[in-house]
Amino acid sequence: MKQWKLTSLALAGAVGLTACSDTLPTEPRAELHDPANAPPSVLRGLNGQFTRLAEEIPGFGGMYYGDDGKLNVFVAGNATSPAALTRALETKLRGELLISAKTAPAANEMVVHQGDYDFGQLSRWYTEMWPVLGMEGVVFTDIDEASNRLRIGVEAGVSQGEIQEALAGFNVPVEAVNIEITEPIVPLKGSTLRERVQPFGGGLQLVFPNPMPGFVSLCTLGFNILRDAPGRSVDYFVTNSHCTLNRGTVENTPYYQQPIAPLDPKQLIGIEVVDPPFFQCSATQVCRWSDAAIARYETARTPVRFGSIYRTEFFGTSGPGSIEIGGSNPNFFSITDEAPFPLGGEILDKVGRTTGWTRGPVIGTCLNVGISGLPNTVMLCQDFVLAAVGGGDSGSPVFQQAGDSKNATLYGILWGSGGNLYVFSAMENIRLDLGDFRTH
Amino acid sequence: MVVEIELPSSVRIGTPVPVTLRVRNTGTAPAELALTGLPIAFDIFVDRTDSTEVWSRLHGETISMMLQVAILRPGESLEFKHAWDQRDNDRQAVPAGTYSVRGSLATPDRELRSEPRRLVISG
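Here the protein sequences come in this chain order: V and Y.
First residue of the first sequence? That's 1 in our numbering, and the numbers climb one at a time after it.
First residue of the second sequence? That's 1 in our numbering, and the numbers climb one at a time after it.
The following block holds chain V by itself, in its conformation from the complex (with noise of 0.2 Å):
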């Protein structure tokens, strides 16, 4: 049976109750709620609320919801008939106490559960068994409140009897402990720049729709910007300009950050506003300043981290970087300044979700280049860099580390290669076209 954890409660002030008896099975020990005697898990969180609740009604002994969204009430003892209980908890739930996503059902919508034990008696257990969790092979422990039980969880191979020995030991009833096997828990490796990560900043993919049916397009999100409207300023994002559906017009590209495919409403992050056309440079060519365009970030509570690329673990040069974010602090860089353009020699990084984090040396400045597949059309101006490069980099920033701190200055946004190159436009000639904004 599927079983819904309450998870976010709070508990203020106290309810009157008429007591059908005067006894319990177990008082909790006053110093379970001494800071300096009880582990953290038994004083917060829901462990915490519910022991709260326990001594406010006695003989509550846990709840959550069923499969069939009524909510379940375990009562133990006699302390509290059932109907006071789920009338004290009806009470609790439609004042102070707070189910976060669920409306408070009436006491008679309860199902309501004999129970072994209050919670209060669970939480007292729960705290003398603490050293349980250093046993070779225990996985978790948990007061589990839709069984009325304690729980503990063992990998395959550990003697259920030594873990009986030593509840007995700790004074704790082995009937009221549940021990079932269960897979360790491994630490899961750092996200990538290809997952659903939050902030969005500099390096993660964008996935945006493809013209060619069954194909969808992967870029890079480049730095984040700010533009100025009357009385605020508005997040927005840099990506380049063929990252869009139509390089050169506004057809309102919405970028999505989700795995591949298919595209996701709900993982919609923004939508593409500014992307000025080519213009006519020659007779026979046209041309753009920089390969760039701006989307707005579409959600009000879309997180965004201002001025800042994701970090990852290492770079590569000539061969790919890591694109895993890096799990030390920071995990970011701080854009604290720009560089209009760069000059030959400099060493210059970059964070894209195909090859990572990559570092080279600038090894050609302002250059016109043509772009494979688009007779007649020249990028002005732009700069090379020797440094890994793959497809779906495109729309990375382009930077440079201040030596091995997390400041970072902004120089660009890649776009192209050309064998073990890449090509950026520098932030000068996104200026140019892209009007003002803030980057840090």
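Just some of the chain V residues that point at chain Y, by a computed CB distance under 10 Å:
id, residue
1, 353
2, 374
3, 394
Output of the computed footprint for chain V on chain Y, the stretches with three or more beta carbons under 8 Å from beta carbons of chain V:
id, stretch
4, 36 to 47
5, 67 to 75
6, 106 to 120
Estimated spans, in silico, between C-beta atoms of each pair:
id, chain 1, residue 1, chain 2, residue 2, range
7, Y, 50, V, 314, 39 to 45 Å
8, V, 343, Y, 53, 30 to 36 Å
9, Y, 90, V, 212, 30 to 36 Å
10, Y, 74, V, 367, 43 to 49 Å
11, V, 367, Y, 4, 34 to 40 Å
12, Y, 77, V, 155, 46 to 52 Å
13, Y, 109, V, 262, 18 to 24 Å
14, V, 195, Y, 4, 31 to 37 Å
15, V, 262, Y, 50, 48 to 54 Å
It should be emphasised that the hints constitute simulated quantities derived from the structure, not laboratory data.
Nothing here was measured: the structure is a model prediction, and the numbers come from that model.
For each residue, glycine too, the CB sits at the ideal point set by N, CA and C.
Assemble the complex: chain V is given as a structure, and chain Y must be docked to it using the hints.
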């Protein structure tokens, strides 16, 4: 995935050579195909019999680094076509003779390559 190249076995000198590059899912399950470029960057190489390169379609080109991704069902294929004008990388007309033609597609993980095919240009 398998990449195949199709072209006539012989042509007259100066006649454009029609080349088709085809990538096919030869497996039994759908497979993801991620291709670089906008438009998709497919390359065709023409080599002399001593393996020195005469011409490549993307020689000296700057390719947009977008990635275009599709799922190919078993047996499904994509085709890319180009007509080679019998000029080398320096835009000089090539002489009659025997050449080797092959194709490739760049993906983020590796280069997909076709087997070479012989081409005879007759005078």
